[in-house]
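Given chain A, work out where chain B with the ligands should sit, using these hints.
First to last, the sequence lines map onto chains A and B.
Note that the first sequence covers residues 1 to 356 in this note's numbering.
Note that the second sequence covers residues 1 to 289 in this note's numbering.
Derived by calculation from the structure, the hints in this document are not laboratory data.
From a predicted model like this one, the values you see are computed outputs, not experimental measurements.
Careful: at least some of the hints might be erroneous.
Have a look at the derived ranges for each label pair, beta carbon to beta carbon [claimed, not checked]:
hint: 1; chain 1: A; residue 1: His348; chain 2: B; residue 2: Leu104; range: 58 to 64 angstroms
hint: 2; chain 1: B; residue 1: Leu36; chain 2: A; residue 2: Leu171; range: 19 to 25 angstroms
hint: 3; chain 1: B; residue 1: Ala82; chain 2: A; residue 2: Asp168; range: 47 to 53 angstroms
hint: 4; chain 1: A; residue 1: Thr59; chain 2: B; residue 2: Cys109; range: 29 to 35 angstroms
hint: 5; chain 1: B; residue 1: Leu205; chain 2: A; residue 2: Asp24; range: 39 to 45 angstroms
hint: 6; chain 1: A; residue 1: Arg106; chain 2: B; residue 2: Ile135; range: 47 to 53 angstroms
hint: 7; chain 1: A; residue 1: Ala122; chain 2: B; residue 2: Val273; range: 43 to 49 angstroms
hint: 8; chain 1: A; residue 1: Glu68; chain 2: B; residue 2: Ala82; range: 44 to 50 angstroms
Covered, in the sense of this in silico footprint (three residues per stretch, anywhere, with C-beta under 8 angstroms from a C-beta of chain A), are these stretches of chain B [as the list claims (entries may be wrong)]:
hint: 9; stretch: 177-191
hint: 10; stretch: 200-213
The beta-carbon is built from N, C-alpha and C at its ideal position, and this holds for glycine as well.
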Amino acid sequence: MTRAGEVAVEALRKTFGRVVAVDDVSLTAEPAEFLALLGPSGSGKTTILMTLAGFEHPTSGRVKLNGEDATWWPAHRRNIGMVFQRTTLFPHMSVRDNVAFPLKMRGVPARERGAQADEALATVRLAGYGDRLPNQLSGGQQQRVALARAIVYRPPILLMDEPLSALDKALREEMQLEIKRLQRALGITVVFVTHDQTEALTMADRIAVLDHGRLMQVGTPQALYESPENPFVAGFIGETAFLDGVAERSADPGGPATLRAADGSKLHGTAVAALATGDTAQLAVRPERIRRAEDGLAAEVIETFYVGAETACLLRTAFGAQLRMRIAAGADVPAPGETVRVAWDPAHGRIFRGGA
Amino acid sequence: MSRPPSAFFRGAREMSPALSLLLLLPFLVVLFIAFLLPVGVLLHESLFVPAATLEHYARVFDEPVYLRVLWRTIRIAALVTAICLVLGYPLAVAMARARGVALLLLAACVMLPLWTSVLVRTYAWTVLMRRNGLINDLLIGLGFTDAPVRLLYTEGAVVVAMAHVLLPFMVLPLWTALRAIPTDYARAAAILGARPLRSFVEVTLPLSLPGVASGSLMVFLLALGFFVTPALVGGPQQMMIATLISQQVRELLNWPFAGALVGCLLLLTLVLVAFFNRAMRLDRFVASS
Ligand SMILES: Nc1ncnc2c1ncn2[C@@H]1O[C@H](COP(=O)(O)OP(=O)(O)O)[C@@H](O)[C@H]1O
Ligand SMILES: [Mg+2]
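Here chain A stands alone, though its shape is the one from the complex (with noise of 0.2 angstroms):
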């Protein structure tokens, strides 16, 4: 059955001699779905978007575009649409000649061409840019261009391997919305390779995170921000603290857990997975969820960091972990060496088993 706009590889494992680029990787982009690759660097993102090009061939495991089989297909047969990390314009056509040239392959006339081509350049608002030379842009319009020459032939799916990475922040911010208000506009599939997890939480629907050739997870930006499933993600994704100690009890999945750490003290959470009486395990907790009470945990204040909207507080536990909280302006900041009391809300806290 085919699917226009799905992209999916299955079981995907590619090694380069020793090295094992992808492991054992299945991974679905719906259509007209925005999934991002995120991982750090080395972890595999180019090697699995290259695979879905047709550059790479899987060592084993398949590649699905549009509901077919398409492991074995040459590049030039996929139409997908691509925007490499650095620039690929041709330098020696014009910028209309570059977006032009996927319909020239495609046996469109030439009068046809140069109007779709103005046309797309028009959607990534560079109209009137169409007789100047590539090196004749700045990096920003250079990659609109690409983007522009990816889309032109409007392909069911679009890969983009850190299209943004040599952008300043401020542009790449730009794009970012750009990027997702023409992925919207036009119903497009999107794989989109990042190793950075703003880039990813901003404009992804769904995320994989990757990590050693490894899928650690996928999901929603929420989930994965609120419902880590291993430490990997729970610490790749936004701030986290680590605190290690043994479970007092077993618990279920899902279900309430509390650790005792090194001096005893109590750590209340969630399990992630089962947990077994005596199982040494971790809780992270996000600086947010952090406030102050009574009853909670004793810490030491190492540091404070006054940033304007919120000030951040350095915490250090009897037990030697170190943790960040966060206090809302006007609140009353504690000064370094005081001791303050800390808790969280045990559904924020989550207890993975294994750790250090």
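Relative to chain A, chain B with the ligands alone:
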């Protein structure tokens, strides 16, 4: 630590004109003594001996013999350039794509001829092409012909041997140009729908044109003034301008006329370089890479 600006060093990157001149001096001295001076003397003789005159130049264009040699020289040089381009381009493409040992082997094959003398390589061709040489043995053995074919002392022999000698000068600039084209361009062309051949024609080929231009120019200019090979594998019927000049100097001691021939060759070279520079904007390519 800051020091007062000296006459020589102004900064890490910036050199004073005096220092630049000092560094260039040895080269300029050699250039002057070994090239500008003798050529200048020759050109001077061609114009002012016995008195201020254009008669030597007129002679080059009046006597059909000399015009024929000039024309043959240009024709052979063009043919050699074309053959080098046809043979060298695929080789350069292969080299630009090869990695590791394969690249090393290919590069060695291209460079090896440069490490042996032109004389040796040319004699190798005479051994191959003489009456009872390897090629004739092969032709007779395979039944293409009954009697040995005349191969040596033909224009074909000159062209083939010169193309062999000059091939590296085509391959190296081509390889440099092709290697500088990012592989992402070919990938972009492919994902945009271009089959491999189309991607080559639309993207790789145009971007390699500066390499084609500099390689062709290099081979053509070297071929124009080539001496050893045409003298050894060619006969009097295949005489090229360098041989003619040498004959004028060594046998006829006609320095002014030799000077006029050198002047014609030099003018042709300069015109060609200027033309290629404009057409291909070699200077821009050099500046950007
Ligand atoms: N062509 C290749 N040859 C050898 N190793 C490669 C190649 N491409 C990627 N790798 C390796 O595979 C791993 C994943 O790389 P990559 O997919 O580029 O990661 P990312 O894009 O997440 O930074 C890395 O260890 C990298 O060194
Ligand atoms: Mg990458």
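Quiz item: Where does the structure disagree with the numbered hints, that is, which hint numbers, in rising order?
Solution: 2
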